[in-house]
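Protein chains: 2
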Amino acid sequence: MVTLESRPLPEPTLRRLPRYLQLARSLTPARPVVSSAYIGERLGLDAVQVRKDLQCAGLVGRPKIGFEVPKMVGTLESLLGWNNVRQAFLVGAGSLGSALLGHGRFKEAGFEIVAAFDTDPKKVGTELHGKPVLPVEKLSSLIRRMHILVGVVAVPAPAAQHVADLMCAAGIRALWNFAPVRLAVPEDVIVQDEDLLAGLATLTQKLAARLHEGTARLQKGK
Amino acid sequence: MVTLESRPLPEPTLRRLPRYLQLARSLTPARPVVSSAYIGERLGLDAVQVRKDLQCAGLVGRPKIGFEVPKMVGTLESLLGWNNVRQAFLVGAGSLGSALLGHGRFKEAGFEIVAAFDTDPKKVGTELHGKPVLPVEKLSSLIRRMHILVGVVAVPAPAAQHVADLMCAAGIRALWNFAPVRLAVPEDVIVQDEDLLAGLATLTQKLAARLHEGTARLQKGK
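Protein chains in written order, with my numbering: chain A, 52 to 273; chain B, 52 to 273.
Keep in mind that the hints were calculated from the coordinates and are not lab data.
Any given hint could be a false lead.
The list treats identical chains as one, so a pair stands whether inside a single copy or across any two.
The list that follows gives simulated cross-link-like pairs (lysine-lysine, BS3-like), each with its CA atoms no further than 27 Å apart [said to hold, decoys possible]: (1) LYS257 <-> LYS182; (2) LYS122 <-> LYS257; (3) LYS189 <-> LYS122; (4) LYS158 <-> LYS257; (5) LYS115 <-> LYS103; (6) LYS257 <-> LYS173; (7) LYS174 <-> LYS189.
Build out the structure end to end from the sequences listed, making use of the hints.
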């Protein structure tokens with residue numbers, strides 16, 4: 052799952068890019084620059100091959116110095132779609148999940164729920180609004196494999212924390228939570244709670260106040 | 052559709068209460084008190100019957116003065132459920148509509164979507180989460196008959212204004228709007244827009260900022 056439409060990278064290079072990214076990420080900040088020789092040594096590759104691969108990715112090292120590690124991370128993340136905030140997995144293929152999958156305006160906004168996950172054998176294997184409904188057992192491995200960062204929680208309240216735990220452990224960095232529970236998540240995970248009851252409460256309170264006002268106005272004879 | 056569980060009012064009295072309410076509402080603020088004789092004359096009823104009916108409703112007039120009009124309006128509205136902010140009609144029985152009908156927590160909060168309306172002949176006549184799906188042609192008359200004050204707009208954007216117009220003309224006082232359009236409504240109607248895209252945008256922006264921060268930290272070598 053690599054998002055490369057405009058750059059025709061050779062397949063073997065593509066397959067090696069995630070290894071370069073992982074290595075670059077693992078380097079301590081004390082090593083801001085890294086040579087192709089060092090990379091090659093760590094990954095068991097020829098230094099010339101390393102330079103060619105990274106050049107394909109748009110990274111050119113400075114002679115006798117090497118590659119800037121932060122730039123390498125940023126470029127490879129973009130190239131591999133590992134900084135992808137536009138695609139999400141949804142868990143819970145009930146009516147709310149279905150409404151979210153079918154929400155036309157997400158696509159307009161450049162956002163896509165690429166798959167739904169559920170535990171119900173009747174739902175698994177079907178499609179909802181053109182998106183596959185997959186077994187929840189596949190959730191973790193697919194988050195990892197596709198580098199999905201955004202998770203949508205549309206399961207009933209009692210299941211929500213478990214789903215959040217699974218997602219966070221697999222690498223999800225942001226949860227859009229429709230379950231009426233406060234999720235406990237690691238510090239580096241963002242949670243956006245979507246509470247429909249809050250909107251409803253606002254509306255009915257305003258309406259009650261308005262009706263009361265009307266009666267009060269009558270009582271004052273205004 | 053009268054919500055009277057604890058007070059056993061005689062059926063003929065019940066049937067007359069809406070007429071008393073309508074008359075009381077129609078009285079100008081210049082007439083803060085009204086006699087049973089006047090009410091009887093306006094409605095073609097015996098003054099004794101009027102006093103008995105209003106007494107059943109918990110309204111006792113002061114001798115030689117009469118009934119306080121604002122109190123009469125408030126009491127009759129409560130009694131008849133005409134100040135009902137807890138029940139709503141929903142228009143648009145698609146997946147979002149279905150999700151809202153099936154939302155377990157509305158009921159916990161004392162709120163109920165009592166019926167859904169749609170134009171799709173395949174949906175009309177069915178039930179969704181135990182609630183009837185009725186033809187949109189019946190919307191106006193049922194709003195009037197059941198004194199529904201809250202309307203939920205869950206139709207696609209192009210249909211939303213028309214639905215809002217129908218609802219407001221029939222007496223809806225508060226709209227919970229899930230369509231991504233700004234509705235034009237009469238001044239005395241409250242609109243609560245529920246914009247899922249806003250929540251999503253917040254989440255993805257925070258995530259993008261967080262990812263950017265991570266890269267920036269790497270770049271600073273911290």
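Cross-check of the supplied hints:
no. : hint              : verdict
1   : LYS257 <-> LYS182 : between (39 Å within a copy, 26 Å between copies)
2   : LYS122 <-> LYS257 : between (52 Å within a copy, 21 Å between copies)
3   : LYS189 <-> LYS122 : neither (33 Å within a copy, 63 Å between copies)
4   : LYS158 <-> LYS257 : between (33 Å within a copy, 19 Å between copies)
5   : LYS115 <-> LYS103 : within (16 Å within a copy, 103 Å between copies)
6   : LYS257 <-> LYS173 : neither (42 Å within a copy, 36 Å between copies)
7   : LYS174 <-> LYS189 : within (14 Å within a copy, 34 Å between copies)
Of the numbered hints listed earlier, those contradicted by the structure are 3, 6.
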